[in-house]
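Colleague: Sequence:
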Amino acid sequence: MSTSETPPTPPTAEELKKALKAFKKRLKITRLDDESALRGRRLTSGQSSAILAITPPDQFPQAVWDELVRRGKLKPAGHGTYELHEP
1 MSTSETPPTP PTAEELKKAL KAFKKRLKIT RLDDESALRG RRLTSGQSSA
51 ILAITPPDQF PQAVWDELVR RGKLKPAGHG TYELHEP
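Our numbering applies: residue 1 is where the sequence shown begins, and numbers increase by one.
Calculated directly from the structure, the hints in this document are not laboratory data.
Do not rely on the hints blindly, as some may be mistaken.
[What the hints assert, rightly or not] DEER-style ranges, computed between Cβ atoms:
#1 T12 - D34: 28 to 34 Å
#2 K21 - H79: 22 to 28 Å
#3 D33 - T9: 18 to 24 Å
#4 A63 - K25: 16 to 22 Å
#5 L32 - P8: 30 to 36 Å
#6 T9 - L32: 19 to 25 Å
#7 S36 - A13: 31 to 37 Å
[Stated by the list, open to error] Mimicking DSSO-like on lysine-lysine, the simulated pairs with C-alpha atoms at most 30 Å apart in a straight line are:
#8 K73 - K21
#9 K21 - K75
#10 K73 - K24
#11 K28 - K75
#12 K17 - K73
#13 K18 - K75
#14 K24 - K75
#15 K75 - K25
#16 K28 - K73
In this text, a Cβ means the ideal position worked out from N, Cα and C, and glycines have one as well.
Required output: the full structure, derived from the provided sequences and hints.
Modeller: Structure, rendered in structure tokens:
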């Protein structure tokens, strides 16, 4: 590592907003998919999904997810997954 490298720039507000929106959308789709899974029956059970945490979309760098955690929007859930921080 050379000393002439510039430190990484922090994510912009727009980038954070897009990342959080993408995270919420993926979480919603994952939960809907879990709720509609045919569990050996002809009709779905109608139960709510138990999914709380997901792996964030990979089109955003790790620095974005770290910043969203720092700002209190997400909580790390372990093994590279995050969940929404709901007050």
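Colleague: None of the hints should be skipped; say for each whether it holds.
Modeller: Consistency of the hints with the structure:
Judged by the Cβ atoms, the range 28 to 34 Å given for T12 and D34 holds: they are separated by roughly 33 Å. Hint check: K21 to H79, Cβ distance near 23 Å, so the stated range 22 to 28 Å holds. The hint said 18 to 24 Å for the Cβ distance between D33 and T9, and at roughly 35 Å that hint is violated. Judged by the Cβ atoms, the range 16 to 22 Å given for A63 and K25 holds: they are separated by roughly 20 Å.
Judged by the Cβ atoms, the range 30 to 36 Å given for L32 and P8 holds: they are separated by roughly 35 Å. Evaluation of the 19 to 25 Å hint for T9 and L32 yields a failure: the beta carbon distance comes to about 35 Å. Taking the beta carbon of each, S36 and A13 are about 35 Å apart, inside 31 to 37 Å as hinted. For a cut-off of 30 Å, the pair hint linking K73 to K21 stands: about 11 Å separates their Cα positions.
Among the hinted pairs, K21 with K75 is consistent with the structure: their alpha-carbon atoms are about 15 Å apart, no more than 30 Å. For the proposed pair K73 and K24, the alpha carbon gap of about 11 Å is at most 30 Å, so the pair holds. Restraint check for K28 and K75: satisfied, since their Cα atoms lie roughly 17 Å apart, inside the 30 Å limit. A C-alpha spacing of about 10 Å is found between K17 and K73, which places the hinted pair at or below 30 Å, so the restraint holds.
Simply put, K18 and K75 have alpha-carbon atoms about 17 Å apart, close enough for the 30 Å limit, and the pair holds. Between K24 and K75 the alpha-carbon distance is near 13 Å, which keeps this suggested pair within the 30 Å criterion. Taken as a hint, the K75 and K25 pair is honoured in the structure, with Cα atoms around 17 Å apart against an allowance of 30 Å. Restraint check for K28 and K73: the C-alpha separation of about 16 Å stays at or below 30 Å, so the hint holds.
Against the hints set out earlier in the document, violations occur for numbers 3 and 6.
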